[in-house]
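Asker: Once you've looked at the hints, dock chain B against the given chain A.
Each protein sequence line maps, in turn, to chains A and B. Okay, so the first sequence: first residue is 3 according to our numbering, each after it adds one. Okay, so the second sequence: first residue is 9 according to our numbering, each after it adds one.
Fair warning: there could be bad hints in the mix.
[As the list claims (entries may be wrong)] DSS-like, lysine-lysine: derived pairs with alpha carbons at most 27 Å apart:
hint, chain 1, residue 1, chain 2, residue 2
1, B, Lys-125, A, Lys-91
2, A, Lys-350, B, Lys-177
3, A, Lys-86, B, Lys-119
4, A, Lys-297, A, Lys-354
5, B, Lys-119, A, Lys-354
6, A, Lys-354, B, Lys-177
7, B, Lys-251, A, Lys-8
8, B, Lys-251, A, Lys-215
Hints listed in this document are in silico derivations from the structure and should not be mistaken for laboratory results.
One letter stands for each residue in the lines below.
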Amino acid sequence: MKSMTKYKGVIIAFVCIGLLTGCWDKVELSDRSFIITIGLDQAGNLLNITYNSPNLPVVTGQSESGPKLFTRTTKAKTLYEANKLYGEKSNLKINFEHTKLIIFGKEFLEDEYNLRKVLDYFNRNSQFSKTVLALATNGKAEEFLKLVPNADPPIGMYISQAFENNNTDPVISNKVNIGELTIMLSGSEGNGYIGGIGTQEDNIITDGFAVIKNYSLAGWLDHKYALPFSWLTGKGRGTVLSTDIEGNSIPYEISEINTSMDFSMKDDNLKIKIEIQTEGDVQEYILGIEEKSYKSTYIKKVELALQKQMEWECRQAVEVIQKKFGFDMIGAGDRLKLKDRGIWMKVKDNWKEFFKTATIEIKCQNNIRRIGLAK
Amino acid sequence: MYSRNDKISLRQVEVLLILDMFSTASLTMPRYAAQFVQQDGWIIIVIGTAIAVVYGYLITTLGKRFPNKTVIEYSELLLSKPVGKLVGLLFIIKFIISVALELRIFGELVKQTLLPKTPIEIIMISMLVLASYLSRKGYEYRGRLGELLIIIVLVPIIVIFIFAFPSVKISNLAPPVTGKPLDYLEGSYLISMSYSALQVILITIPFLNKPKKAGPSITRSIIFVGVLNTIICLITIGTFGHKETIKQIWPVMTMMQVIEVPAAIIERQDALMMSFWIFTVFALINAFVYFIGVAAHKTFQTKDYYYWILPALPIIYIVALLPDNVVETQEWALFVAKYIDIVFLLIIPLVLLFVARLRKMGEVNDQV
Chain A
3 MKSMTKYKGV IIAFVCIGLL TGCWDKVELS DRSFIITIGL DQAGNLLNIT
53 YNSPNLPVVT GQSESGPKLF TRTTKAKTLY EANKLYGEKS NLKINFEHTK
103 LIIFGKEFLE DEYNLRKVLD YFNRNSQFSK TVLALATNGK AEEFLKLVPN
153 ADPPIGMYIS QAFENNNTDP VISNKVNIGE LTIMLSGSEG NGYIGGIGTQ
203 EDNIITDGFA VIKNYSLAGW LDHKYALPFS WLTGKGRGTV LSTDIEGNSI
253 PYEISEINTS MDFSMKDDNL KIKIEIQTEG DVQEYILGIE EKSYKSTYIK
303 KVELALQKQM EWECRQAVEV IQKKFGFDMI GAGDRLKLKD RGIWMKVKDN
353 WKEFFKTATI EIKCQNNIRR IGLAK
Chain B
9 MYSRNDKISL RQVEVLLILD MFSTASLTMP RYAAQFVQQD GWIIIVIGTA
59 IAVVYGYLIT TLGKRFPNKT VIEYSELLLS KPVGKLVGLL FIIKFIISVA
109 LELRIFGELV KQTLLPKTPI EIIMISMLVL ASYLSRKGYE YRGRLGELLI
159 IIVLVPIIVI FIFAFPSVKI SNLAPPVTGK PLDYLEGSYL ISMSYSALQV
209 ILITIPFLNK PKKAGPSITR SIIFVGVLNT IICLITIGTF GHKETIKQIW
259 PVMTMMQVIE VPAAIIERQD ALMMSFWIFT VFALINAFVY FIGVAAHKTF
309 QTKDYYYWIL PALPIIYIVA LLPDNVVETQ EWALFVAKYI DIVFLLIIPL
359 VLLFVARLRK MGEVNDQV
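The shape of chain A in the complex, shown without the other chains (with noise of 0.2 Å):
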C-alpha cells in the first residue's frame, strides 16, 4: 500500500512537469505583425491589398531607428491568399485582432463579386472585430496608404482617431463599421454606402459617400450633399448651415436635430413629408449691425432664411438620390415600417420602385437659441 501512494506521488510529479509549462508556443508582442489598415485594390484580375503595420520599436519608443510604419502590398486572387501571402513575406506573425480601418481602393468597387466575397470574408473570419470602419477612396488605396500624412500617429490610427472624436462632420456622423455595411447591404439587397475619404495637400478630409447597388460602385454622393444627407437621416447634429442674409454669410451650428416622415398613399404614388426641426446657435454675424441683430425680427429672418437654405439643400440631395442612385438611402423604408403599417405591407414587395417615384415633400425649421456673449 505504502509503494502504491509513493507511485502516485511520482506520477502526479511527473504530469505536473508536463502540464505546467506554461506558454511553450507563445508568441512574443514583438514578434507578431499588427495589421493597423488594409486597402483593397483591382490590380487586372488580381485583388491588391496593401497592408499598414505600426513598427512596434519605434512606435512604442523603445528604438529610434527605422520607419514607424510598414507598408507591404501583396497581390492575389483571394483576400485569404493575399493574407498568406504576406505571412510569407514577413518576419513577423500577421494578426488582424486590432485592425482598424479597411478603405476600399474604387476599382475594387466596380467589381460585382470583389465587394462579396471580402465581407463574406470578415464576417466568417472570427480575428476581425465586426467594428472595423470601413472607407472608400475615389482613387487607389494603395496610393493612399503610402501617403505619409501630416499626422504623428499612422496612418489608420490617425483616420479611426478622426472618425471617432469628430462626430460633427457629416460623412463621419454616416460612418459605417464593416458589421454595419454587411447588415446594410444584406438587408436591402445590396444597396447601401460608404463614407469617402480623400486627399487634400497631405491632409486626409472626408469626401462624400461611396454608393453601392448590387454590391458594386453606383457612383459618388458628392460631397456637397453629405449635409443635408446627414441632416435627412438625423444624424447631422453638430454640422453648419451657413446662409447669405443681405450679402453676409451666417453659420448655424444645429445643436439639436430631429428628422421626421410621414407617409400617405394616394392611387399607388407614395407620399413622403420629411420634417426636419433644429434648434442651434448662430456662431457669427458683422460687426457694425448690433441695432438690427439684437432683435427678435431679424433673428426671425435669420431663421427664415435659413429654412430656404435647408429646404434647398435638402431637395437638392433627394434629387440626387432618387433619380440618380434610385435607393433608399434615407432610412424611410425602416421609418414606414415603424409609422404605418397598412402603407408597407403594400409598398413592401416592391419598395424600391415606390420609393423611386415618391413624391417627397420636404418642410424644415430652424430656431435659433443662442447667439454667443455680443450683441
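Answerer: Chain B only, in chain A's frame:
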C-alpha cells in the same frame, strides 16, 4: 469531505435547470426563430417557452405521484418490467446522443473562437473528463457547483447585453405579426424543444428534498430562461435584422463582436463571453453524463451509478465525432429536436400519467 447524501434543495435544482437549458441552444436560437417568422422571432420564443412550461407541468405532475422513484422504476411498475427496461435504455441512448452533440458543438465553437490551433479532440476530451469527474461525485456536489456557476455565468452576460441595447434598431423588429400562422406553430414547437433538458426532471424527482413542491421551481426556471432567450433574440434580430441573423451560424456570438462596450480595454469580447458560456455547457454535459450513469444504474439495477460513467465516456466521444462537420452536427441536432425530444418531453410522460390514473397507482396529490 462531505458525505454523499444525494439530496438537493429546490433552489439547487432550479439553478441547475437554468444552467442546463441556457446552453448552446441559446446561441443559435435567434437564427432558428428568424428562419420561421423573420422579425417576429421573439414571439415564437415566448410561445415556445409557454409550451415548455406545459411539458414541465406534465413531468412534475407525473413525478409527484412517485416521489421516490425515477421514471425507469415507475414505468416498470406501471407497464411491466420489460417495458420499464426499454424506457431506461431509450433514456440512456437519448442522453448519449444529446451529450455527444452538445460536446461536438462546444468543441467546434471553442476551436473557432478561442483555440484555433488546438485539436478539437483535446478540447472535447478535457471537457468530458472534467464533467465526468464532477458527475462521479454525486448530485449534491453538482447542486452546490451550480449555485456558484450561475453567478459567474449570468452577471457578465447580462451586463454585456445592457451595452447591446443602443445598437438595436426598432425598425428591424417592425412590423410585428406578418407571417403565416402555421410558421408560428412550427417555430414555437421547435423552440420549445430547445428546453429539452427538462427531460432530466423525470429522473431528478427522487433526488429532491421536497419532491412534491418541485412544480413552481421548475416553472420559474423555464420562465427565467425564456425571458433571457426572448431578450437575446430581440437584441440580436434588432441589431442585425432578420436576414443577417439567418446568415450567422452563431448569431449571438457574432453580436458579441458588434457590441461596443464603452471605455473597454478588451478588443474582442466575443472570446470573453465564450469563456463564460463554457460554464453552462459544462453544467449541461455533466448533467447528461451523470444521468447516463443514473439511468443505467436503475435500468440494470447495479450497486451504484458511477460504475457506468467511465465506460460511457468513449461511447460519447465516438458519437460526438461521427458528424463530418459543423453543418452535419447541427442537422443531427435539428433532427433530434424535431422528432426525438418530443418522445421524452411529452409522449412518455403522457402515456405514463394516463396509465397511472387508469390503474390508480402512485400517490394522488390533492393539488393536482
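Asker: Does each hint fit the structure? Answer for all of them.
Answerer: Hints and how they fare:
With a C-alpha separation of about 22 Å, the suggested pairing of Lys-125 of chain B with Lys-91 of chain A holds against the 27 Å cut-off. A threshold of 27 Å between alpha carbons decides the hint, and for Lys-350 of chain A with Lys-177 of chain B the separation of about 18 Å falls inside it, so the pair holds. Restraint check for Lys-86 of chain A and Lys-119 of chain B: satisfied, since their Cα atoms lie roughly 20 Å apart, inside the 27 Å limit. Distance hint between Lys-297 of chain A and Lys-354 of chain A is unfulfilled; the C-alpha atoms sit about 47 Å from each other, more than 27 Å.
About 42 Å separates the Cα atoms of Lys-119 of chain B and Lys-354 of chain A, which puts this hinted pair outside 27 Å; it is violated. Only pairs whose Cα atoms come within 27 Å are accepted, and Lys-354 of chain A paired with Lys-177 of chain B is accepted, the gap being roughly 21 Å. Distance check on the hinted pair: Lys-251 of chain B and Lys-8 of chain A sit about 63 Å apart at the alpha-carbon level, beyond 27 Å; violated. The suggested pairing of Lys-251 of chain B with Lys-215 of chain A holds, with an alpha-carbon distance near 18 Å, which does not exceed 27 Å.
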